[in-house]
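*Asks:* Chain residues, written in single-letter form:
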Amino acid sequence: TQLLEQSPQFLSIQEGENLTVYCNSSSVFSSLQWYRQEPGEGPVLLVTVVTGGEVKKLKRLTFQFGDARKDSSLHITAAQPGDTGLYLCAAYTGTASKLTFGTGTRLQVTL
Amino acid sequence: EAQVTQNPRYLITVTGKKLTVTCSQNMNHEYMSWYRQDPGLGLRQIYYSMNVEVTDKGDVPEGYKVSRKEKRNFPLILESPSPNQTSLYFCASSLSVPLSAYLYEQYFGPGTRLTVT
Chain A
21 TQLLEQSPQF LSIQEGENLT VYCNSSSVFS SLQWYRQEPG EGPVLLVTVV TGGEVKKLKR
81 LTFQFGDARK DSSLHITAAQ PGDTGLYLCA AYTGTASKLT FGTGTRLQVT L
Chain B
1475 EAQVTQNPRY LITVTGKKLT VTCSQNMNHE YMSWYRQDPG LGLRQIYYSM NVEVTDKGDV
1535 PEGYKVSRKE KRNFPLILES PSPNQTSLYF CASSLSVPLS AYLYEQYFGP GTRLTVT
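Here the protein sequences line up with chains A and B, keeping their order. Reminder that position 106 of the first sequence reads as 126 in the numbering used here, one-by-one numbering, no gaps. Reminder that position 3 of the second sequence reads as 1477 in the numbering used here, one-by-one numbering, no gaps.
Keep in mind the hints are simulated off the structure, nothing from the lab. Heads up, the beta-carbon is just placed ideally off N, CA and C, and yes, glycines get one too. Any given hint might turn out to be false.
Said to hold, decoys possible - Dumping the calculated BS3-like pairs for lysine-lysine here, alpha-carbon to alpha-carbon at most 30 Å: (1) A/Lys-90 / A/Lys-76; (2) A/Lys-118 / B/Lys-1543; (3) A/Lys-118 / B/Lys-1539; (4) A/Lys-118 / B/Lys-1492; (5) B/Lys-1491 / B/Lys-1545; (6) A/Lys-76 / A/Lys-118; (7) B/Lys-1545 / A/Lys-79; (8) B/Lys-1492 / B/Lys-1545; (9) A/Lys-90 / B/Lys-1531; (10) B/Lys-1545 / A/Lys-118.
Claimed, not checked - DEER-style ranges, computed between Cβ atoms: (11) B/Val-1488 / A/Gly-36: 41 to 51 Å; (12) B/Pro-1513 / A/Gln-34: 23 to 33 Å; (13) A/Thr-130 / B/Leu-1515: 48 to 58 Å; (14) A/Gly-102 / B/Gln-1477: 49 to 59 Å.
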């Protein structure tokens, strides 16, 4: 059983469209991170959310941490081809030393 | 330039032939970790190290060994590789402050694609 479930698994959209990616769990987390991974590279951190209900914006990306700190969403406004990649949510579990990743959402944005 | 380096980037080997994938970071990070990435399964943690001479198992440690003799290096050892260890491997590092580790991002290396035949 995956601790962090992401949906959708795949998303193919056209430039200019909006989209939302979800990360859900039955566990409560002290914080949650979102990473983006491009082909041939390692994941790169986009944001860390810590407080329940927190909303963070990074240009056209909006991240939200659920009130109960069990889920998170990533919303992209007016997607661009440069947004193409694998989006991963991740959370520290146990003694805050193990980072668990979701299965990922693969996004493709076409012209 | 602050970075995590891994070598080799690509490796094809045969079942049972011992191999080591090296990982080095130049950011003076205490925390280092190894992950494997497989289609449909995402990134899964193999081993992690909170500091020199301190290592612990992640979610999928079977068939792997690690050592942390120096702060900057964290090699991954496969004593007897098997085909089910064919995967994309990532090393990562981060600052590690007790009870606050979750606040710090992990910096990932470029990955090592391993094929065991």
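*Asks:* Hint by hint, note whether the structure agrees.
*Replies:* Hint check results:
no., hint, result
1, A/Lys-90 / A/Lys-76, "holds (17 Å)"
2, A/Lys-118 / B/Lys-1543, "holds (21 Å)"
3, A/Lys-118 / B/Lys-1539, "holds (17 Å)"
4, A/Lys-118 / B/Lys-1492, "holds (27 Å)"
5, B/Lys-1491 / B/Lys-1545, "holds (27 Å)"
6, A/Lys-76 / A/Lys-118, "holds (24 Å)"
7, B/Lys-1545 / A/Lys-79, "violated (36 Å)"
8, B/Lys-1492 / B/Lys-1545, "holds (24 Å)"
9, A/Lys-90 / B/Lys-1531, "holds (25 Å)"
10, B/Lys-1545 / A/Lys-118, "holds (19 Å)"
11, B/Val-1488 / A/Gly-36: 41 to 51 Å, "holds (50 Å)"
12, B/Pro-1513 / A/Gln-34: 23 to 33 Å, "holds (25 Å)"
13, A/Thr-130 / B/Leu-1515: 48 to 58 Å, "violated (27 Å)"
14, A/Gly-102 / B/Gln-1477: 49 to 59 Å, "violated (22 Å)"
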